[in-house]
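Engineer: The residues making up each chain are set out below.
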Amino acid sequence: MKPRKLIVTAVAAGILVVWSFPVLWALLTSFKTERDVLAYPPKLIFTPTLASYADVLFGSASVLPNLGSSLVVASLATALAMLIAIPAAYALARLEFPAKRGTGFYVLATQMLPPVGLIIPYYLVMQKLAVLDTYAGLIVIYLTFSLPFAIWLLVSYFEDIPREMEEAALLDRASRLRALWHVILPQVRGGIAVTAIFVFLNAWNEFLFAVVLGGNRVRTVTVAMFNFISVEQTLWAKLAAGAVLAMAPVILLGLLAQRHIVKGLTVGAVKGGGRR
Amino acid sequence: MAQRERRFALMLLAPALAILVLTTTAPLIYLLWMSLQRIDLSMPAMSGFAGFDNFARMGGDPRFWSSLWLTLIYTATTVVLQVAIGLLLAVLVIQIPRGQGALRVAAILPIVLAPVVVGLFWRTFVLAPDFGIVDLITRWLGLGSHNWLGDPQLALISVIAIHTWQWTPFAFLVILASLAALPPDIYEAARIDRASAWQRFRRITLPLIRPAIVIVLIMRTMIALSAFAAIFAATGGGPGTATEILNLYAYRTSFSELNLGYGAALAVVLLAITLLISFAMFALRRSR
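Chains as they are written, first to last, in our numbering: chain A, 1 to 276; chain B, 1001 to 1288.
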C-alpha cells in the first residue's frame, strides 16, 4: 500500500472509532457489573450481566414510564405534524396563490426563533391555561419545531413528482382533494415516511421544552436521563443501560433513513436558510 | 379557475399557518412585551411596566457581557472547527474506494443522539476525572489527570469539543455528498495542465463545493447560537459562569432566579443577534 493511502485509511479508521465510541462504550458498559465498570485499566473482557437492564427497567427508578412518555409525545406530535404539514406542503409546492413566496419564507423564518426565547412566554401562558405538565400541552408545543421542518422537507418531495400525473387526474374531473389523496400522496409515500422519521427523531431528542413545560406527570426519557445523573451519579452501568435504551430508537430510525439524512439535514437551506 | 385554486390553497394552508402564528408569532410578540416589563416571580409585588430598564441594566451587568462574549467564542470556534475538520475528512475519505459506507453509518451516530444524552455521556464516560476515557488517555500519556469540566478554562474547551464532536459529522456528510456529486472528468484538463493536487483542490474542487460549505456554515451557526442541552447537561453553565452562553444565562435568569422580565430581555438580545448574523450570512451568500 502506498504511504499516502495508508495515512488516509488510518485517519478514516480513527474517525470511525471516535464517532462510534460513545454508543459502543455505553453498550459495553451497560453489560458490566458496577465493580467491573470501575476497574482500571478498563476491562474489555468480562462476564456480561443483564443486571443493569433489569434494574433500569423494573427497579425502583424504572425508566419504563419515561420511555412510554417519550413514545406518546413523539408519536402524537409526529402524527399531528404530518397531518397538518402534508396539505400545507402540497399547496406550497404545487398551487398558485398570492404571497406564495412570502408564506414559504414565513414558515422557514419561524424556525429562527431561539427556543430559550419562546419558552418564557410558553411557560406563562401554559401556566394560566393549566396545561403545564400535560401531554396535550407538550405535543402542541412540539409542533413549533416539527411543523416548519416537516412542511419544508415535504415540499421538496412534492416538487419531485412530475406534473402530468396530477393534470391527468384533474382532466378526469376528480375533485382536487381526491386527486391529492389518490394520485399525489401515493407518489410521495417514501418522502412522507422519511419526514415522519426525522420529525419523530427530533421530538424524541427534545430536552428544553420537556424539562420546563413537563417534568412530573409527563417526564420524557431525556429529562429522566438528566435527573438520573444528579440523583445517582456513580451508578455508571445503570446510567449506560438507561442511555442505551434512550438511544436505541433514534439510532435504529437514523440507520433506517440513512440515505436521506443529508437531505433531511439541509432542508430549506437550498431555498432560504434556517435550521434543522 | 384561478380563484378556485386560491381558495383550495388557503384551505390546505390554513391549519398550518394558524398553528404557526399561535405558537411562534404570538409568543414572540408576548416576549417583546415581557422584555419591557418588570416580572420577578420572587418579588411579584414589584411587577409593572419598566420601559427599557431591562435593556439598560445589561450595560452594567458583567455577567451579560461575559455570556455574550462566550456565545461569540462558542459559536465561532465550533462552526470553524466543524467546517474545517468536516471538509478535511470529506476530501480524504472521498479518495478511499472502500469503507466509505462504514464511515457514513458511523457519522450518523453522533447526529441522531439527543444533545442532552451527549452532554451527560461526555460528563461521565469521556471526561470524568480518573474514569473518563480522555482522562485515562492523558494519564497514560503522562499528561496527568485533569478536572475537564471543573476547571473554568478547560470547561470552555470541553463544551466546544462536545459540540464539535457531535456536529462535525453533519459537515462531513453534506460536503461528502457534494464531492460525490462532482463529475469525475472535471480534473482531466487540470491533469493535462500538470496542476498540483493542491492547485486542483483550490481552483476546481473548492469553487464547486462552495455552495455546500456555505449551507453548512449558515445552518451550523444558527444551531450553535441556540445550543443549550449539551452544555446544560455537561456543566450547567459552570463552573461559576465559565460556560454560561447567552442561552443559559437567559434560562437561569428566568427559571432559577425567576426574573422573567430580565430573562425575556436577554432572549430578545439573543434573537436580535441571531437575526443580524443570519442577514449578514445571506448577504454574503448572495454576493458570491
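Do not take every clue at face value.
Said to hold, decoys possible - Computed list of lysine to any residue pairs in SDA-like fashion (alpha-carbon distance at most 25 Å, straight line): (1) A:K100 / B:I1019; (2) A:K43 / B:L1081; (3) A:K100 / A:I192.
Said to hold, decoys possible - Simulated restraints on C-beta separations: (4) B:A1014 / A:L255: 31 to 39 Å; (5) A:D160 / B:R1194: 40 to 48 Å; (6) B:L1208 / A:K2: 47 to 55 Å; (7) B:G1144 / A:G102: 56 to 64 Å; (8) A:P98 / B:L1208: 49 to 57 Å; (9) A:L185 / B:R1286: 32 to 40 Å; (10) A:I7 / B:R1139: 25 to 33 Å; (11) A:L16 / B:R1139: 31 to 39 Å; (12) B:L1022 / A:G14: 47 to 55 Å; (13) B:G1150 / A:P41: 22 to 30 Å.
To be verified - To spell it out: a stretch of chain A is covered by chain B in this simulated footprint if at least three of its residues, at any positions, have a beta carbon under 8 Å from a beta carbon of chain B; those stretches are: (14) 10-20; (15) 111-122; (16) 235-244; (17) 257-263.
Treat the hints as calculated values from the structure; they're not laboratory data.
We put the CB at the ideal spot given by N, CA and C, even for glycine.
Engineer: Evaluate each hint against the coordinates.
Structural biologist: Here is what the structure says about each hint:
1. A:K100 / B:I1019: holds, 18 Å
2. A:K43 / B:L1081: Distance ~33 Å between K43 (chain A) and L1081 (chain B) Cα, so the pair is violated.
3. A:K100 / A:I192: Holds - the C-alpha atoms of I192 (chain A) and K100 (chain A) are around 22 Å apart, at most 25 Å.
4. B:A1014 / A:L255: 31 to 39 Å: holds, 37 Å
5. A:D160 / B:R1194: 40 to 48 Å: holds, 42 Å
6. B:L1208 / A:K2: 47 to 55 Å: Taking Cβ atoms as reference, L1208 (chain B) and K2 (chain A) lie about 26 Å apart, which means the hint is violated.
7. B:G1144 / A:G102: 56 to 64 Å: Given a distance of about 59 Å, which is inside 56 to 64 Å, the answer is holds.
8. A:P98 / B:L1208: 49 to 57 Å: violated, 38 Å
9. A:L185 / B:R1286: 32 to 40 Å: Given a distance of about 36 Å, which is inside 32 to 40 Å, the answer is holds.
10. A:I7 / B:R1139: 25 to 33 Å: Taking Cβ atoms as reference, I7 (chain A) and R1139 (chain B) lie about 28 Å apart, which means the hint holds.
11. A:L16 / B:R1139: 31 to 39 Å: About 24 Å separates the Cβ atoms of L16 (chain A) and R1139 (chain B), which means 31 to 39 Å is violated.
12. B:L1022 / A:G14: 47 to 55 Å: This hint holds: roughly 49 Å between Cβ atoms.
13. B:G1150 / A:P41: 22 to 30 Å: holds, 23 Å
14. 10-20: Result for this restraint: holds, n = 7.
15. 111-122: This one holds; 11 residues, not fewer than the three required, reach chain B with a Cβ under 8 Å.
16. 235-244: holds (count 4)
17. 257-263: holds (count 3)
Hint violations for this structure: numbers 2, 6, 8 and 11, all remaining hints satisfied.
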